[in-house]
Each structure stands twice: as structure tokens, then as C-alpha cells.
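Top to bottom, those sequences are chains A and B.
Going by numbering that gives the first Met the number 0, the letters in the first sequence line up with residues 0 to 96, in that order.
Going by numbering that gives the first Met the number 0, the letters in the second sequence line up with residues 0 to 845, in that order.
Worth double-checking, as some hints may not be accurate.
[To be verified] The calculated PhoX-like cross-link candidates involving lysine-lysine, where the alpha carbons are at most 20 Å apart (straight line), are:
id, chain 1, residue 1, chain 2, residue 2
1, B, Lys597, B, Lys607
2, B, Lys334, B, Lys354
3, B, Lys636, B, Lys715
4, B, Lys622, B, Lys587
5, B, Lys354, A, Lys73
6, A, Lys12, B, Lys587
It should be emphasised that the hints constitute simulated quantities derived from the structure, not laboratory data.
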Amino acid sequence: MSDPYLTLGVTAKATDADIEAAYRAGVKRHPPERDPQRFEALRSAYEALRTRRERLGYELFDTSPPTVSDILDKAAPTGKPRRPDPAQFAALLRGES
Amino acid sequence: MSKKRNKRSAGNKPGPASLSSKALENAAQERLQQGRFREAIAHFKELLKREQREEWRQGLARAYEGRARDLAEKGMLKEALVMWENRHRLGAAAAPTHLAHTALLLRMGRVQEAVAIFNQAADTLPAGELAALRTQLAAFYLGGQAEVMQGLAPEDPVVLHGEAAQAALAAYCRGDDEALEQALSTIPFRSPYRDGVHILKALQRLPEQPTQAATLLARVPAESAFAPLRQAAELALVPEQQLASRLADVGKATRRFALTLRGWSPERQALFEEARKLGEHPPPKALLHFLYRHRDKLGDDWVHERARRLLIDDAPQSLAWPREAGGRSLSQAEKVQVGAWQAERQHGDPWYTLKCWELLAQHLEAPHVPAPGSDQALRIALVLRRVDQTEDILAHATPSAEPDALDRAVAQYVERSLDYDPDAPQAYLRLIGYYLRGKELKAARRLLEPALARWPENLQVLTAALDTAVAGGAFKKAAGFARRILTVDPINKTARERLVKAHLAHARKQLRNARPDLARRELEQASAWDRANRFDIQLEIVDALITLATDAPTGASALREVNQRLGDGLAAGLSLALEAAAVGISPKALFADLGLSKPQPRGSEDLKACLAQLREHLDSGGKLPPEVTRYFEKVLKASAHFELSFQEMEAACETLRRCRWDAVRQAFAQAALKRWKDAPVFAFHAFEAKYKGAPWYASSTDIRRLERALEHAREKGDTRSTERLLNVLDSLRPTAFEDFPLPPEMGEELGPEALPMLINLMGLDRLLDMLGLSRDMKRQFKELERELGRPALIKMLGAMLSADPDDLPPFPAPRPRRRTESRGHAVEDDAPSDDDDPFNQPDLFT
């Protein structure tokens, strides 16, 4: 399982209310009908952290190793989609794969 | 050695020059088919030296093309280009212009040569190929090769639409969608830039309209010069979970393009490129070092926490890794936690895991016991409940008699956890359920009190209280809890029924205590709550029994009337008998007082109703008092011949098994076996009912019948009967005397001198079976008895059992028969085993 804190975009000090707000905002951005996988990830993350008891349980018993995607999300979160520059187009059109 | 031989053999082989033209042509074609292009080139060249034939020139062109492709795939672009050039020199007739050739020229910056080839081929190439070549030139022009335009005619579409395509690309890159659309609108559909137009439109829609973008991208053919752009754009649409594996298959330029579209910053992309070098499944230590290398970006605490999850499999050696990677050392509690994780993941031993978590709890308790409700207290509670949570022990286990059993320890830890986290109703409920299963009512009540105080309206807690009260026979209390449940949840049907049952049970209790007045009051309550009239017969009978206690003639008359109304058969009799026994009246005496004859079955329907009533009684947790058993066993046994279907007969046997009325069950099973010969299910019931508790006494005829039934069950695929029959047959194979329940009067000090008594008691056959002797040995013992008499047999058996094998006459060594179950088949294992060998148990009789 990916780090639920990163999935929801909250810190380890987040309260029940912070987590619920982050979940609701996430679902608004990624509604289940448009992005079911992302929604599923948000749902799992929310269920893992919903209450103080669950957050402590996660801290104590989650043994999943960090994934590369976790590390990337933590170090440099994905931003807004950007448009490649002409040089990037040129590289591909000239046959550099 | 082999190399030399190969060289020699290669040297002996005739070269192309020594072959006839026909043989050489065959060899050349063969090499071409096999993809051995270098040899094919040499052969065709030799052929062309001899004679300039068109088909050989074409063969050489194909060989050059194949070789060029091979070299390009290996990244040897210059060498590949030489091959294309050689092919090109063969002339347009033998080797028409090839797109791969021009693409390679363009890619190597030799634009003018590519354009020249295009111009030469413009009149000869088929329209489709010409269009593809134009698209190639267009793609390279858009990719910044302005030179493309220099050699092309001004009216060529590549030149005509080039400016608009460039403008569109520039507008897209700077985010000017209006200019983009304007530029795109000037490019006609049949332009060589068409694929580029589709891609730009798709990219424009990519973030908000992924489906439309995918449709537009799908219009770009895979062989188009714009296909690399399409591939990169499609990666932007791949779901997050699949991205890593898809990125592994593409080059760096494609990755950069796709990741930019996905919003990855250059920093993230650089980090990803570094992580890729660790492999698809990086080893934990490598990943840990990677984490610590970037801890300035990731944060010390996060790295420390996540890195601990990488230590589990290699602990305890791995516990030093964080320090080695430049991080801080693990605290003692953190090390213990890694140990507990490892125990859960690797050991599979709940005891060991329990001890590991216990150790962590101790560390968390030190140096000060935290206040209940604090985070630390909650951590301790969760740790103490962990094994119950993972193994789900308290939900199913019945308290063991052994105080140091695992379930006891788990229950003790969960109870301890309540000191730290009393706000855990599920922990209370699991414990209460666990103690109730073991009839440990005191423990259940101890937990119930605080739970009720804390959650007075919690339905689960109230139900647990109701269960506890019923288990303790406190029916008044039970009724009170049922009423409280109905206050919270007025439409709770189960609670309503349980309330009726509690009042009924209390009424019976009062009647037993000779308080018909109080019994009547309880009955009225029960009656008031039984709105669905589910218990009307029971209510009516209890009412009549109360009347019987105060006004015998009226009560008796009411009971007779009920009996008549219910059919005056077995089912009616059972209803009366069960209620009478529940208030302490013997069914026999009741029927005698009422002047009724003993209930008799009124047909198969009556029998089925009686059995259904028994099932219902057992389902509701009722017990069958011995006086009811005594009263009904004989009459039910006589009903075994009634005509019931196979399923009804099977259900009857199962019900009688639950009642533990084995004599009746045996009669039913035997009757069924007469109709359905060797039916496995009835063979099982007949045998189990006959030898219940003492299968060792089974006769060999019965055992053979059972084995036959097992075969039938396997043939029919009746897995339930197979399983049951195998269990019974397994129980027939004792491996030592300690498993055999000897009659109590024999006491514990049984020695070889007890053999005569045992032979008399169970017969020689069964004794020899029980000793686990082979068929051969049993035969020899029997012959011995026939020839020399029983004293000699006893002496021989005694010698065998007193342990010294050397004292035995030359019989083959006894080999116990052991039945092991393997993939559902019984296997006769004749291999001797030390544990099973009676000679290895010298004190068997001492």
C-alpha cells in the first residue's frame, strides 16, 4: 500500500477533520466515475487514517516498504500537467526515442 | 580443439566461387530466408559477377535491406546507412526508395541526400509510399530540420503547409490555444502534417478530455513518422499504477515528454531516473541508501520511519543499516517493533509473535505508565490486542482448560489493554463472547458491568448482556435487557422473540418453584410480546400447565384439548413432553394423569413434524431432558420403517445425531440401508450410532461395510460422507494401548498377565488388530493358538509385549498398519516407524 498520508496530501499531525477534508477534496478532484483507480486509492487511504486509533494502528502495524512512487511524491510531488517545449518535440520527431 | 575442427571443416567447405550458379543461387536464397544477410550478400554478389540477372539484383537488394535493419537495431547507424546506400546504387528498378533509408539519412543530418532521393522517386513511387515519405519530411521539418525545405518544390505540400504547422506547434508550446486552433484550421486534411495535427489536438485536450485525446491519438498510424509523439502522448494517459512498468520500455526522450505532460517537475524526473537504476524491485538495502541520500528533500523523520520497514526481512543484521547510511540509530523500542513485524511476517507462530508484541508493550510502558486515553496508552492497547486481531482468536475460541493456553494468554492481554484504552466496545464484546462460549459467566459479567455502564444503549452490548443473562438462567434479567434493546430499536424482531422466550422461560421457572401466580404473570408478559403468534402453542401448553397446578381438572382438560388439536400423535406428544419436562413434570406421569396413552406416530407426516420440532428445539438452544429421551426413544425407533424420501431420511438421521438418540438413529439408518443399499451416508450413521464412543469394538463385518461405503462415497463424489467415513476409519487404528479405553475395572497396572482377560473380553481378532500387527503375523498367531493352544499364544504375545524382540520366535517383525490420508485417499503405509513399533514401547504394559 502506498503511504496514505501522501495519497491524501496531509501530514502525520493531521486531525480527523483535516483527513476528512483532504479526502473530500480528493474525491472532488478525482470522482469515481472519472478516475476509479485514484478514487479507490483515496478511499483506502482515508479508511487507514480516519480515526486516531486507525492512525496509530497504521503507525504500529503497517509494514509495507516505501515505493518509488511514495519517495517521488514526498520529495517532489506531481504538479499540474505542463506542455513540453519545442526541443522535446524536436527530439522525438528527429527519431530520438 | 573444437575450434580447430570447426576451422578445418570451414576450410574444407567449398567457397561461393567454387559452386555452380544454380547451387549458389539456392544457397543465397536459403541464407536470405534464414536472415543470414551477410552471407546472402556475398552469394548474390558472386552471382552478379557471373551474370547480371534482375532477380539476383533484387535478391541482393533484399539482403542489403535486411542487413541494414539488423545494424540499425544494434545502433550501428553509419554501417546501416552504408547498406542502404549500397542498395540504393542497385537502381530504382531493383531497389525502389525505402522509407527507412530516408529516415536514416534525415536522422543523421544528411537532409539534402534524403530530399534528393525523394525528388528522384516522386514520379515512380506509388501514391501511398510517396505520401509516407512526405510525412517523414514534414515530421523532420517540424522537428527543426529547416534544410528540408531547400530541395523541395515550392508547391510541395511539405513547403506549403510547413509554416502553419510550425506556428501551431509554437502556439501549443507557449499555451496559446487560440493561435493553435487558428493555425491548425489552415492545414488541410490531406496535408503531410495531418498526423501532427491529430497529435497537437490530442495534446490540447489531454488533461481535461482524456477520452477524446485517446481517440485522436489512435488516428495516427503506428508506422507514421509522427508515431514517437503519439507513443509519448499516450503515456500521459496511462494509469498511475501502470506507469512505472510502461516507462521502463521507452527511451529517455519519450519519458521526458510524457512525464512533462503528467506534471512531473525536472527534479522529480531526475529522482525517477536515479531510482530506475536500482531496478524494478530494488533490494531493501539499496532502497534504504537511496532514501537516506535524499533525506534533505524527504525529511529525516519520514526517512527514518519508512526505512524501518526495509529492515524487516534481514533483521537483526539490518538494524545497523540506518546508521551505516548516515541516519540515526534505532531506539530499543523501534528495534523490538521491527522484531515483532518480522515475527508476524516470517515465523507464523502466534506464541512467539505474542511475546514480541508483549515486549514492545513493556518498552512503551517505560519509564512511566501513560495516562489512559493518551496516544501512548492507545499504542500499548493496540499492541496488546494485536495477536487477537491478526489471529481472530477470541471471536471463535472456547476458553481452554489449560491456564497457559494461547487463547487464555490472548484474553489476558486484551483484558489488560482495557486499562489503557477502555473506550473499545469491540474488545469488551469479544471477551464477553469468548467467556460465554466457555460458560465462564463470572468473567463475562465482570466485563459486562463496565461495558453496560459505558454504553448503556449500545445494541451489541445489550445483546451480550441478554446472552449472559440467558446463559446464567436469569430470565427476568434477560427480559429486562430484551426490553432495553426494543427501546433502542423497536423493530428488532430477534429481540422481541428473545423477550418472549425469556418471559416463557421465567414462567416455567416460577412454575417449577411452585409459584403459579408469578408464572401466570410472566406468561401474560410473554403473550403480550408475541405479536406474531410464533409461540402460541408453547404459550397455550404452559398456560394449561399453570392451570393444572391450581385447578387440576381444568388444566388436564385444557392439555387434552391441546393434544387433540395438535393431532394426538408424536408431534403433539413431544410438544407436551418438552413443556412438561421444562416445568419439572415427568412426561410419563403427565400422560398417565391426563389419561392419555403413550404417543404413537399417526403417519409419516406426523413423524416428519415431530422431527422438525426436535430440530427447532435444538436450533433454539434447547436441551433434551433424559425423561423425554427415555419416553420417546422406543416409539421413535419403531417408526423407522415409515416411508420417507432419501433426503427426509438423511435429515432424520442428522437430527437424531444432534439429539444423541443413537439407538433411534441406528434403527433409521438400518432401515434406510435396506432401501438404499450401501448408501454412504446411512452406512456412516449406522456405524457411528452403533459404536458411538467405542469404535474399537467394531466387528470386521461392520468395518468392511464401512470401507465399501467409503469406496461408494468416493465414486459418487460425496465429499462430506468421504470425510466422515475416513475419520471413523482412522479412529479404528489405534497405535498403542494408551489410546484404547480399557474397562475401568482393569485399572492402570495392566501387564501381560491381563492378556487372557483381554482375549476373553474382546476376542483375539480385535486384540491383534488393536496391537497393529500385520496380516501375516495375525495369521501366525492364530495358527499358533490352533496348534499349541491358548496358553502358548498368550506366552508368545506376552514375550512380544515385554519388549525384547530377541526373545521372539522367528516371526516376521510386526509391522503396524497406519492409515494416512493423502489427497483424500487412504494409504496403507507398511513402512515401520519407531513411534508405531510396539517394540519401541517396552513399558506398554508396565
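- Query: Would the pair lysine 12/A and lysine 587/B pass a check requiring their Cα atoms to be no farther apart than 20 Å?
  - Reply: violated, 74 Å
- Pair hint lysine 334/B and lysine 354/B, alpha-carbon separation not exceeding 20 Å: holds, 14 Å
- CA of lysine 622/B to CA of lysine 587/B, is that 20 Å or under? holds, 18 Å
- Is the Cα-Cα distance between lysine 597/B and lysine 607/B 20 Å or less? Within the cut-off at roughly 18 Å; holds.
- Query: Taking only the CA atoms, is the gap from lysine 636/B to lysine 715/B under or equal to 20 Å?
  - Reply: Distance ~29 Å between lysine 636/B and lysine 715/B Cα, so the pair is violated.
- Do the alpha carbons of lysine 354/B and lysine 73/A lie within 20 Å of each other, as the hint requires? Not satisfied, since the Cα-Cα distance of roughly 35 Å exceeds 20 Å.
The structure shown violates the earlier hints numbered 3, 5 and 6.
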